[in-house]
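2 protein chains.
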Amino acid sequence: MGKISATIALDAMSGDLGPTEIIRALRWGFKNLSLDCNIVLVGKEELLRRLLKKAKIDQDSRLSIVNASQVINMDEKPIQSIKQKKDSSLVRMVDLVKVGQCNAAVSCGNTGSLMAAGTLKLRPMAGLERPALASVIPSKDHHFVLIDAGANPTPKPEHIVHNAILGSRYCQVALNRDFPRVGLLSNGTEEGKGNELTQESYELLKKVDGIINFNGLVEGLQIFENKVDVIVCDGFTGNILLKGCESLFSMVKGFLKDEIEKKAIRKLGALFCKGALLEVKKQLNPDTYGGAPLLGLRGNILKAHGNSNQYAIMNAIRIASEIVTQDMNAMALADIEKANEIIKSKNKNS
Amino acid sequence: MGKISATIALDAMSGDLGPTEIIRALRWGFKNLSLDCNIVLVGKEELLRRLLKKAKIDQDSRLSIVNASQVINMDEKPIQSIKQKKDSSLVRMVDLVKVGQCNAAVSCGNTGSLMAAGTLKLRPMAGLERPALASVIPSKDHHFVLIDAGANPTPKPEHIVHNAILGSRYCQVALNRDFPRVGLLSNGTEEGKGNELTQESYELLKKVDGIINFNGLVEGLQIFENKVDVIVCDGFTGNILLKGCESLFSMVKGFLKDEIEKKAIRKLGALFCKGALLEVKKQLNPDTYGGAPLLGLRGNILKAHGNSNQYAIMNAIRIASEIVTQDMNAMALADIEKANEIIKSKNKNS
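Keeping their order, the protein sequence lines are chains A and B.
According to the working numbering, the stretch in the first sequence is residues 351 to 700, in order.
According to the working numbering, the stretch in the second sequence is residues 351 to 700, in order.
These are calculated hints, taken from the structure and not from any lab test.
Check before you lean on any hint, since a few could be wrong.
Claimed, not checked - Okay, the calculated bits of chain B under chain A, using three or more residues with CB under 8 Å as the criterion: (1) 376 to 387; (2) 396 to 410; (3) 495 to 506; (4) 629 to 635.
Stated by the list, open to error - Listed next, with one range per pair, are the computed distances between beta-carbon atoms: (5) A:A684 <-> B:D491: 48 to 54 Å; (6) B:K607 <-> A:E687: 46 to 52 Å; (7) A:R412 <-> B:E550: 48 to 54 Å; (8) B:D491 <-> A:T370: 34 to 40 Å; (9) B:V449 <-> A:G656: 55 to 61 Å; (10) A:Q430 <-> B:L621: 54 to 60 Å; (11) A:N576 <-> B:S419: 39 to 45 Å; (12) B:Q676 <-> A:S695: 55 to 61 Å; (13) A:E691 <-> B:L470: 39 to 45 Å; (14) B:N526 <-> A:E691: 56 to 62 Å; (15) A:A684 <-> B:M681: 55 to 61 Å; (16) A:N576 <-> B:M424: 18 to 24 Å; (17) B:L628 <-> A:D677: 49 to 55 Å; (18) A:L470 <-> B:E550: 47 to 53 Å.
Where a beta carbon is used, it is the ideal one built from N, C-alpha and C, also for glycine.
Okay, chain A solo, but in the shape it has when bound:
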């Protein structure tokens, strides 16, 4: 029996670096990664044909093009943009997943528009109400998954359980960890800490331990300390934590750069320890962590960073392909069904 091969729709007009970088990514990826997925480029056909030819990959049988005449810009309003630009690369790409022509869609475009298109066009999985955005957070030698990074700012405790399942399965596929440790994010690990949501979610997560590998509460100071593989929280807190950390990292980077440039001796020193600086930057740069998937839908949607370079783009495609070939959604679906049974019987008993 052959392995399932994924067909991925790629928003070829998206990202700060535009279609040229997308085509560069494909050329590099086909040459250097053993990807066996098919890719449907969605965007302005004529332009894409020209770029593919120039890159000498126009004859590659894994590539095809679906024309889309419009482009959604980064600063457009989510709902409005997808309603007004029905022939945009982003909307057409999600349509291809909706009708089953593609198994997954990847875009470096407008996050809000992508989430709106995914949520409105693809229905949630059976047994689940709301999708969640997952993100791989880089750390020193132990990356982890944060879920929800912003799709659902006001979840119910059941949603938190579903997020824990989706995050676990995503962690298994994206970070290659078996039965990953799940922690519930709270403002302290002592008894009585947390808000109503974390307290109720905690009780439910304990009940479904076994379906997931629940490790209890995680507090702020432990986030980068390799306590767990998946951190689960509401989309409000998750979004602020993720972006706050990006903001801090970028400030520290700029601060160090400015201080080094103040004196010639420091610049020389920085040259000597360039390897160390680059390693830290490379390892922790959020841009290199390909895609943040919107999980829990009937179809796979991945958001890559707006400023993704060729490596980040191909990484997002690689993860999208793994999600499809490992049939991640089927595994999550089975877990959710089991968890819902437990939650239901618990509600009946209480």
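Assemble chain B onto chain A, guided by the hints.
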């Protein structure tokens, strides 16, 4: 008319470095800072007398001692510890503020115990229900105040307004900024973002603009970008953000150190740019930002970092002294009264 002089109760037994560091801080502070406050050392009298004598400051008229036979350790449970150790330095110190013998209390001890003692022993200010923990967050060239950093994880919209007022007045005193810009933390600044609390708080904050300098929403990516002077949020999110950033900063520091130590040439390079590394570390080290005050009580309680060194301890004392001499609480009280009037009339109209 003479300036009001503050009398500060200092938990002399607290902190990872213990009473020796506290006494060292006092010796250094009296010599190098023009502090004109009185300090009441609370702790084991005999030990403290010996240490003061050794440091040759036992004759200083600004110092006195109140005996306390017990010590609350860092890992003790908040409520239990303050109930069981009524003669601890931490509890006695708060008592001194309660009876009016001291204007403010500073401790590097157990955060939970200090917050519990403050909240249970000192009543909230008139017009206010819940205290909030404020924290100065260091940034490149623009530190800011985060409030609430963890005292009240489930506030009502009115509490957010009170936090905005308390944070503004604290920012004025601690960071010397007039009419500081206030931002409400949310998961994006677009319309429709946020949860119920931020949406309702946003409306109230707009109404009290003028009492505070309200600058609208702030999202994660803007946190370290000098958009505002005070970031206001619920204590759940604030605690996770603050500690998450501390965790990230500490991970990055350790990572860079490990990478530098891998090769001799890198170590040499680091020596050349030591000035830059130290400057960044010094400027961003949360430990150097003295105290996090528990605001909104009838009395001033400041928590200094557990691992505070002499400079951090004296900085906390300096800020406590400023809070008293500038009569910060009276200013906040007047603002809160005005804000409550507006909120009340708004509720009547709606």
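Cross-check of the supplied hints:
{"no.": "1", "hint": "376 to 387", "verdict": "violated (count 0)"}
{"no.": "2", "hint": "396 to 410", "verdict": "violated (count 0)"}
{"no.": "3", "hint": "495 to 506", "verdict": "holds (count 3)"}
{"no.": "4", "hint": "629 to 635", "verdict": "holds (count 4)"}
{"no.": "5", "hint": "A:A684 <-> B:D491: 48 to 54 Å", "verdict": "holds (53 Å)"}
{"no.": "6", "hint": "B:K607 <-> A:E687: 46 to 52 Å", "verdict": "holds (47 Å)"}
{"no.": "7", "hint": "A:R412 <-> B:E550: 48 to 54 Å", "verdict": "holds (52 Å)"}
{"no.": "8", "hint": "B:D491 <-> A:T370: 34 to 40 Å", "verdict": "holds (37 Å)"}
{"no.": "9", "hint": "B:V449 <-> A:G656: 55 to 61 Å", "verdict": "holds (59 Å)"}
{"no.": "10", "hint": "A:Q430 <-> B:L621: 54 to 60 Å", "verdict": "holds (56 Å)"}
{"no.": "11", "hint": "A:N576 <-> B:S419: 39 to 45 Å", "verdict": "holds (41 Å)"}
{"no.": "12", "hint": "B:Q676 <-> A:S695: 55 to 61 Å", "verdict": "holds (60 Å)"}
{"no.": "13", "hint": "A:E691 <-> B:L470: 39 to 45 Å", "verdict": "holds (44 Å)"}
{"no.": "14", "hint": "B:N526 <-> A:E691: 56 to 62 Å", "verdict": "holds (60 Å)"}
{"no.": "15", "hint": "A:A684 <-> B:M681: 55 to 61 Å", "verdict": "holds (60 Å)"}
{"no.": "16", "hint": "A:N576 <-> B:M424: 18 to 24 Å", "verdict": "holds (23 Å)"}
{"no.": "17", "hint": "B:L628 <-> A:D677: 49 to 55 Å", "verdict": "holds (52 Å)"}
{"no.": "18", "hint": "A:L470 <-> B:E550: 47 to 53 Å", "verdict": "violated (26 Å)"}
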